[in-house]
Amino acid sequence: MSAISILPERCTGCQSCEMVCSLSHEGSCSSSLSRIRMKKWDEISVFMPIVCQHCEKPPCMTICPTGARTRSPETNAVVTDEKRCVGCKSCLYACPYNAPLLHPNTKRTITCDLCNGQPLCTQVCTTRAISYSPEGDLSMERKKAFGQLFLHSIKSR
Amino acid sequence: MIKGWKGKRLRIDLSLQNAWSEDIPAADLCQWLGGRGLNASFFSQNFRSPISPSSPENPIAFAVGPLTGSLAPSSGWTSIASFSPLFDLPSYAFTRMAGHFGVPLKAAGYDQLILQGKADRPVYLWIDNGEVKFEKAASLWGKETTETTVAIQEEKGDRNIEVLCIGPAGERQLPFTNVIHRLSWTGDHLGLGYLFGTKQLKAIAIRGKKPVTLHDPRRILDLCLSLKGRIQKDQRIQKVKEEGTFSLLGREDGMMIKNGKSWLPTDPSKQWSVSLRTHLSGQ
Chain A
240 MSAISILPER
250 CTGCQSCEMV
260 CSLSHEGSCS
270 SSLSRIRMKK
280 WDEISVFMPI
290 VCQHCEKPPC
300 MTICPTGART
310 RSPETNAVVT
320 DEKRCVGCKS
330 CLYACPYNAP
340 LLHPNTKRTI
350 TCDLCNGQPL
360 CTQVCTTRAI
370 SYSPEGDLSM
380 ERKKAFGQLF
390 LHSIKSR
Chain B
25 MIKGWKGKRL
35 RIDLSLQNAW
45 SEDIPAADLC
55 QWLGGRGLNA
65 SFFSQNFRSP
75 ISPSSPENPI
85 AFAVGPLTGS
95 LAPSSGWTSI
105 ASFSPLFDLP
115 SYAFTRMAGH
125 FGVPLKAAGY
135 DQLILQGKAD
145 RPVYLWIDNG
155 EVKFEKAASL
165 WGKETTETTV
175 AIQEEKGDRN
185 IEVLCIGPAG
195 ERQLPFTNVI
205 HRLSWTGDHL
215 GLGYLFGTKQ
225 LKAIAIRGKK
235 PVTLHDPRRI
245 LDLCLSLKGR
255 IQKDQRIQKV
265 KEEGTFSLLG
275 REDGMMIKNG
285 KSWLPTDPSK
295 QWSVSLRTHL
305 SGQ
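Residue numbers (my numbering), protein chains in the order written: chain A, 240 to 396; chain B, 25 to 307.
Mixed in with the good hints, there may be bad ones.
As the list claims (entries may be wrong) - No more than 27 angstroms apart at the CA atoms, straight line, and that leaves these computed lysine-lysine pairs for DSSO-like:
#1 K160/B <-> K233/B
#2 K233/B <-> K346/A
#3 K278/A <-> K157/B
#4 K167/B <-> K383/A
#5 K346/A <-> K328/A
#6 K394/A <-> K265/B
Quick caveat, the hints were computed from the structure, so don't treat them as lab data.
So that you can see chain A by itself, here it is in the shape it has in the complex (with noise of 0.2 angstroms):
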């Protein structure tokens, strides 16, 4: 069970998971390259990041027709094979959050690959509105957002 946990209420919507993201996978910064989008709600300032999730059922893994979302054995992360993908767009319709990303230039679908279990996105939120937990209750980063407000709470009684 691994996966990026978000926090919407923390962000920012500054961009720089997308910016890291695509820096480090593609070698140049573009939103478009980006695993990891951000959508924005400018009118209510509400801005949520929108990754893969590693379900643990993934949808996109059924639905494949040439087998090529794969569950890496190392990180635990659902990843295409692009050797098999046909970029036949599946996955992008399966998906509940609808994360994964056609490449513009090689049209194989991209996904998030937890960055060998050292997510860059993570290291660059300055809010700590995307946290990573490898192992252990991926719920905790939010459980803890919400203790805090309770904390708050109490002490401006």
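Once you've looked at the hints, dock chain B against the given chain A.
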């Protein structure tokens, strides 16, 4: 082409509704490193003396630096320059705007954007990955900045479009008005709202998808990660995070910005409310 730059300047004539791109010589890019220098060189090459801010020929120049659109911390600033209406005599003025306008400008393929001319009816500019369109803004005229931003995003069907727009005060050509970008970022101290208003330009909507290439991506990545780590640990940054920008005005623990006189102007380039400053802090 030098890596980091795109080497192109987008020229827009609002009177003729014409847009074209020019090459910026590599020597210029190297000599005038950064957006502020690029804008200044454009003005010095094209104008011998300042012209009236309200004249259609008065250009509004937006420019970005070589690191804009990369991971580098604080690289997202956009430099803006024009002849400003805020002074007694027409004079060259520049400002910088934080936010996400420079990044899509670079990603659309341009380092600099020059707006000239005057539209005969309200328009807004739509720059989609380098392609420029002049869209009618009659339905947006009179709307506030939030409404305008959302209306343009809804019209284009993409909430990730970056919009820079003016509100009703700018349309009425008040000299001290701003442009607003993503509801919170402003290009201030320049009277940009007035300049947009005189040109009948309601907004600039921009979307860019071209990647920004860098000379040595691996080294830039390592450098940026270590820089970001250092910034995270900095005490002043922690304080700004907790209390906001105003914490920099506080007097305790030596965090006050020296020569902070120009922080709270009450009348551009004339008066500074120094007495007010001592009563302000982030707490």
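Evaluated hints:
no. : hint              : verdict
1   : K160/B <-> K233/B : holds, 24 angstroms
2   : K233/B <-> K346/A : holds, 15 angstroms
3   : K278/A <-> K157/B : holds, 25 angstroms
4   : K167/B <-> K383/A : violated, 42 angstroms
5   : K346/A <-> K328/A : holds, 9 angstroms
6   : K394/A <-> K265/B : holds, 20 angstroms
In this structure, the one hint that does not hold is number 4.
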